[in-house]
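Protein chains in written order, with the working numbering: chain A, 1 to 516; chain B, 1 to 323.
To be clear, the hints were calculated from the coordinates, so they are not data collected in a lab.
Keep in mind that a hint or two might mislead.
With a straight-line Cα cutoff of 20 Å, these simulated SDA-like cross-link-like pairs (lysine to any residue) come out [what the hints assert, rightly or not]:
hint, chain 1, residue 1, chain 2, residue 2
1, A, Lys197, A, Arg141
2, A, Lys505, B, Met295
3, A, Lys286, B, Arg40
4, A, Lys213, A, Gly198
5, A, Lys286, B, Leu37
6, A, Lys56, A, Tyr108
7, A, Lys184, B, Ile297
8, A, Lys471, A, Ile199
9, A, Lys133, A, Pro76
10, A, Lys25, A, Ser35
11, A, Lys286, B, Ile297
12, A, Lys184, B, Leu138
13, A, Lys184, B, Gly42
14, A, Lys286, B, Gly42
15, A, Lys360, A, Tyr108
16, A, Lys184, B, Ala21
17, A, Lys184, B, Arg40
18, A, Lys471, A, Lys505
19, A, Lys68, A, Ser14
20, A, Lys505, A, Gly494
21, A, Lys505, B, Arg134
22, A, Lys184, B, Asn39
23, A, Lys505, B, Ile297
24, A, Lys184, B, Met295
25, A, Lys286, A, Arg332
26, A, Lys117, A, Thr142
27, A, Lys505, A, Ala358
28, A, Lys184, B, Ala127
29, A, Lys505, B, Val312
30, A, Lys286, B, Ser41
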Amino acid sequence: MPINNPNVHLTKLSGAIPAWSGVIKPDDLQPTCQSVSDGGGRLVALWGSDEREQNKGFALHVALVNEKGLICLNVPLPNDLPSYPDISQIFPVANRMQRAAYDLLGIYAHEGHDHRKWLRHAAWHGGSFPLRKDFDAAKSRTEESDAYPFVQVEGQGVHEIAVGPVHAGIIEPGHFRFSVVGEKTLRLEERLGYTHKGIEKRFESMNLQQGAKLAGRVSGDSTVAYAWAYAMAAESIAAVTPPDRALWLRALFLERERIANHLGDLGYLGNDVALSFGFAQFWILKEQLLRNNAALFGHRYLMDKIVPGGVAVALSESDKQTLLEECAMLERDVRLLRGIYDEHAGVQDRFIGAGRIAPKLAAQLGLCGLAGRASSQAWDARVQFPCAPYDKLDVQMATYRNGDVAARVIVRFDELFESLRLQREILANLVHDDILSAPLEKLPAHGFGIGMIEGWRGEVLVAIHTDAQGKLTRVHPHDPSWQNWPALEHAVIGNIVPDFPLINKSFNLSYSGQDL
Amino acid sequence: MTTDQALGILFQLYQSLLVVALAPLLTGWVNQCCAWLQNRSGPGLLQPYRTLRKLFHKDAVMAYNASPLFRVTPYILFGCMWLAAAIIPIIAVDLPFSPAADVIALVGVFALARVFIALAAMDIGTAFGTLGARREMLVSFLAEPALLMVFFTASLISHSTQLPRIVDALAHHQFVLYPSLAFAGLAFVIVLLAENARIPIDNPATHLELTMIHEAMILEYSARHLALVEWASSLKLFAYISIGIALFVPYGIAEVGAMAGNWGSALPLAIFALLVKLILAGAALSLLEALLAKMRIFRAPEFLGTAFLLAVLGLLIHFLLGA
Chain A
1 MPINNPNVHL TKLSGAIPAW SGVIKPDDLQ PTCQSVSDGG GRLVALWGSD
51 EREQNKGFAL HVALVNEKGL ICLNVPLPND LPSYPDISQI FPVANRMQRA
101 AYDLLGIYAH EGHDHRKWLR HAAWHGGSFP LRKDFDAAKS RTEESDAYPF
151 VQVEGQGVHE IAVGPVHAGI IEPGHFRFSV VGEKTLRLEE RLGYTHKGIE
201 KRFESMNLQQ GAKLAGRVSG DSTVAYAWAY AMAAESIAAV TPPDRALWLR
251 ALFLERERIA NHLGDLGYLG NDVALSFGFA QFWILKEQLL RNNAALFGHR
301 YLMDKIVPGG VAVALSESDK QTLLEECAML ERDVRLLRGI YDEHAGVQDR
351 FIGAGRIAPK LAAQLGLCGL AGRASSQAWD ARVQFPCAPY DKLDVQMATY
401 RNGDVAARVI VRFDELFESL RLQREILANL VHDDILSAPL EKLPAHGFGI
451 GMIEGWRGEV LVAIHTDAQG KLTRVHPHDP SWQNWPALEH AVIGNIVPDF
501 PLINKSFNLS YSGQDL
Chain B
1 MTTDQALGIL FQLYQSLLVV ALAPLLTGWV NQCCAWLQNR SGPGLLQPYR
51 TLRKLFHKDA VMAYNASPLF RVTPYILFGC MWLAAAIIPI IAVDLPFSPA
101 ADVIALVGVF ALARVFIALA AMDIGTAFGT LGARREMLVS FLAEPALLMV
151 FFTASLISHS TQLPRIVDAL AHHQFVLYPS LAFAGLAFVI VLLAENARIP
201 IDNPATHLEL TMIHEAMILE YSARHLALVE WASSLKLFAY ISIGIALFVP
251 YGIAEVGAMA GNWGSALPLA IFALLVKLIL AGAALSLLEA LLAKMRIFRA
301 PEFLGTAFLL AVLGLLIHFL LGA
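Using the sequences and the hints given, assemble the complete structure.
Here it is in structure tokens:
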């Protein structure tokens with residue numbers, strides 16, 4: 001059992017990663033969360049579901065993780081007063097998830113301090129909840145203004161800078177409200193949700209295969225991680241194990257996605273300190289990798305190449321050679337470029353000390369993924385909960401303790417080299433087999449499954465609930481950006497305004513993934 | 001009017017049109033060199049002209065609360081930079097316009113343009129405009145004295161603050177190596193980078209609004225206004241590089257009196273020398289930019305302080321060595 005609590009009865013879920021689920025009463029929620037938090041665990045995701053069609057009212061789902069594995073708590077909530085105890089005091093990161101759960105489903109945390117809307121802008125009015133099954137889109141149209149009470153900072157010489165959601169460059173939309181004195185940032189408040197597309201609502205009317213495509217489009221830069229997490233959740237419900245070759249190919253795709261994104265980010269980080277040379281070189285390498293993806297697998301970003309039950313594309317023996325050559329080329333060039341970044345005084349002057357999150361604060365905020373590892377938060381699902389084939393790969397986790405931009409750069413470089421090593425090992429281990437996919441057409445009724453994959457940004461989680469006919473009734477994709485966006489607000493405190501873009505890029509969080 | 005005067009006016013007109021026409025080409029050359037140094041193929045030398053043509057064809061959009069100041073600033077900016085480029089002896093020394101203003105007035109012309117662009121940036125009341133104006137003022141307030149010191153060093157050698165006299169003294173009298181000018185030259189390069197919004201002070205290619213200095217001030221301009229502002233920026237870069245050439249490597253420029261006699265041979269040589277020097281200067285600028293990263297804004301005072309220090313050292317050396 002992952003937690004010792006007489007009130008909590010957990011049952012182990014079948015699947016590739018260690019996960020348990022259980023039903024608890026609302027009153028037991030806070031003590032359970034507290035005990036997981038005390039044991040060094042974290043909150044991964046929080047979402048709600050409308051189960052009134054099965055005469056069960058609403059339900060709150062909380063996914064926690066500790067060193068044993070994932071713990072999924074199901075908290076049934078009454079129909080008329082769907083409220084639950086606030087857990088943002090235990091896990092600060094729960095704040096936005098709770099607010100989003102209210103915006104979408106109307107379930108709310110009592111005794112919470114922050115009840116401002118989060119995902120809802122002016123697209124639907126406050127009294128209607130899109131994820132309720134009886135939601136009528138036509139009636140929820142509103143002409144309301146999109147007012148949002150930002151926290152005000154007062155004092156002599158303090159003023160606000162409002163940035164976005166439309167930016168000078170072509171990037172995703174988000175609003176940043178800086179309270180500054182001179183060039184120094186006193187406080188940053190984020191306002192996201194501009195790319196809310198109703199992905200979770202869309203899942204409800206999809207079948208398993210369509211859902212896989214949509215999951216791969218939650219956040220384009222993590223399409224492999226999402227597709228795998230979705231497939232893992234579906235395979236967990238159906239108790240299907242994909243063939244060996246498919247699993248090795250999935251790992252290959254995931255590492256290639258990591259390499260591509262790290263290359264891109266390292267280039268961007270150079271660009272943000274005006275070292276355009278680094279930008280151009282890293283992007284040449286990334287482009288080479290993407291072209292190889294397109295040539296060998298049929299898609300530059302490997303979209304739709306992972307399907308429930310297996311993979312959709314194979315790798316021939318001759319193509320292996322292409323990838324090995326690419327590996328050698330990348331290793332040589334990235335090593336050279338790392339030397340340039342490391343020895344460039346101007347670049348290091350900008351990187352070191354900027355946007356620091358100390359390990360203690362990182363632990364408090366539940367920082368995860370790459371940014372977490374740069375602040376001594378040693379969580380990597382590939383290492384701690386290795387699903388096949390990672391159980392045969394012995395992944396070396398890259399961690400660093402400084403928590404500044406320089407640390408996130410170091411972790412990116414280390415992970416890049418580790419991914420290149422893994423890719424070599426995967427190619428060596430890739431068994432030859434004609435079967436790429438196990439049959440998985442339909443899911444059993446009343447199923448619940450969960451998948452968690454360490455994407456390049458952090459852990460991507462997808463939870464699937466099925467109804468009496470085995471259809472998707474609720475799918476919740478969770479992006480690690482939920483955890484790390486609030487941390488960015490802390491990282492910029494005390495830094496100068498022109499350093500924000502650099503600090504932001506060193507996290508490179510997803511807007512689309514958290515706006516859903 | 002004597003033939004000399006008529007020729008002088010003709011040359012003045014010729015130079016003024018030449019700088020306006022050539023300035024975007026210089027910007028294009030610098031950008032092209034930057035692209036080559038980054039392993040990119042680059043947009044080509046003529047890209048700035050294409051951009052200008054595009055901008056002149058677009059409809060201008062104005063902020064609702066823009067005052068007339070915001071409207072006229074691009075014209076003032078362009079006028080100031082054109083005037084500056086007309087004062088500097090670029091192809092010939094004895095231009096009728098040159099005695100009208102000395103180097104101190106030249107610094108004043110640049111300052112006038114800066115005051116207007118900063119006011120226009122704050123005029124529309126966006127956070128970025130004010131942010132940019134504030135930073136611009138910080139940078140220029142440090143760069144301006146350094147530039148004046150550079151000019152003083154040069155004028156001590158030639159005993160005049162008139163640019164034609166300075167250039168004439170340096171170019172056409174006995175060839176002497178001036179150690180004081182070496183220091184002034186270094187200081188001038190730093191000032192040139194800062195004043196023209198180049199790396200390491202500003203990044204002309206950035207799209208990150210929070211880090212901008214010059215670009216933040218002109219974010220609200222569009223169409224013909226933006227075209228004029230961009231053209232003025234090109235002119236400013238051209239003017240600064242021309243000042244650098246005039247002060248430190250004036251060799252080849254047409255002499256005083258050349259107009260009257262052998263202008264047919266002096267002028268082609270002057271234009272050829274100018275083009276070679278511009279090509280080299282543009283390449284050197286892009287090389288500097290490729291090697292440097294942008295520094296934090298609060299490192300700018302140290303950087304520009306160094307420029308001031310170097311310029312003052314140049315002055316002192318002149319007094320100590322008399323050279």
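Here is what the structure says about each hint:
With a C-alpha separation of about 15 Å, the suggested pair A:Lys197 and A:Arg141 falls inside the 20 Å cut-off, and the hint holds. At roughly 17 Å between alpha-carbon atoms, A:Lys505 and B:Met295 fall within 20 Å of each other, so this suggested pair holds. Taking the CA atoms of A:Lys286 and B:Arg40, the gap is near 15 Å; set against the 20 Å cutoff, the hint holds. Simply put, A:Lys213 and A:Gly198 have alpha-carbon atoms about 15 Å apart, close enough for the 20 Å limit, and the pair holds.
Between A:Lys286 and B:Leu37 the alpha-carbon distance is near 19 Å, which keeps this suggested pair within the 20 Å criterion. For the given pair, A:Lys56 sits about 17 Å from A:Tyr108 by alpha-carbon distance, which is consistent with the 20 Å threshold. Our distance criterion of 20 Å between C-alpha atoms is met by A:Lys184 and B:Ile297, whose separation comes to about 11 Å. Using a Cα cut-off of 20 Å, the hinted pair A:Lys471 and A:Ile199 holds, with the two alpha carbons roughly 16 Å apart.
As the CA atoms of A:Lys133 and A:Pro76 are separated by approximately 17 Å, the hinted pair is consistent with the 20 Å bound. In summary, the hint linking A:Lys25 to A:Ser35 is supported, as the alpha carbons are separated by about 16 Å, within the 20 Å threshold. Taking the CA atoms of A:Lys286 and B:Ile297, the gap is near 31 Å; set against the 20 Å cutoff, the hint is violated. Restraint check: the Cα-Cα separation between A:Lys184 and B:Leu138 comes to about 15 Å, which is no more than 20 Å; the hinted pair holds.
Distance restraint check for A:Lys184 and B:Gly42: the Cα-Cα separation of roughly 37 Å exceeds the 20 Å cut-off, and the hinted pair is therefore not satisfied. Between A:Lys286 and B:Gly42, the direct Cα distance comes to roughly 19 Å. Compliance with the 20 Å bound is thereby established for this hinted pair. For the hint linking A:Lys360 to A:Tyr108, the alpha-carbon distance of about 29 Å lies beyond 20 Å, and the restraint is violated. About 42 Å separates the Cα atoms of A:Lys184 and B:Ala21, which puts this hinted pair outside 20 Å; it is violated.
In summary, the hint linking A:Lys184 to B:Arg40 is not supported, as the alpha carbons are separated by about 36 Å, beyond the 20 Å threshold. A hinted pair counts as satisfied when its Cα atoms are at most 20 Å apart, and A:Lys471 with A:Lys505 does not qualify at roughly 39 Å. With a CA separation close to 15 Å, the supplied pair A:Lys68 and A:Ser14 stays within the 20 Å bound. About 17 Å separates the Cα atoms of A:Lys505 and A:Gly494, which keeps this hinted pair within 20 Å; it holds.
Between the alpha carbons of A:Lys505 and B:Arg134 the distance comes to roughly 25 Å, so the proposed pair goes past 20 Å and is violated. Between the alpha carbons of A:Lys184 and B:Asn39 the distance comes to roughly 36 Å, so the proposed pair goes past 20 Å and is violated. A hinted pair counts as satisfied when its Cα atoms are at most 20 Å apart, and A:Lys505 with B:Ile297 qualifies at roughly 19 Å. The hinted pair formed by A:Lys184 and B:Met295 meets the criterion: a straight-line CA distance of about 16 Å does not exceed 20 Å.
Restraint check: the Cα-Cα separation between A:Lys286 and A:Arg332 comes to about 14 Å, which is no more than 20 Å; the hinted pair holds. Distance hint between A:Lys117 and A:Thr142 is fulfilled; the C-alpha atoms sit about 15 Å from each other, no more than 20 Å. A C-alpha spacing of about 18 Å is found between A:Lys505 and A:Ala358, which places the hinted pair at or below 20 Å, so the restraint holds. A threshold of 20 Å between alpha carbons decides the hint, and for A:Lys184 with B:Ala127 the separation of about 15 Å falls inside it, so the pair holds.
Restraint check: the Cα-Cα separation between A:Lys505 and B:Val312 comes to about 41 Å, which exceeds 20 Å; the hinted pair is violated. For the given pair, A:Lys286 sits about 17 Å from B:Ser41 by alpha-carbon distance, which is consistent with the 20 Å threshold.
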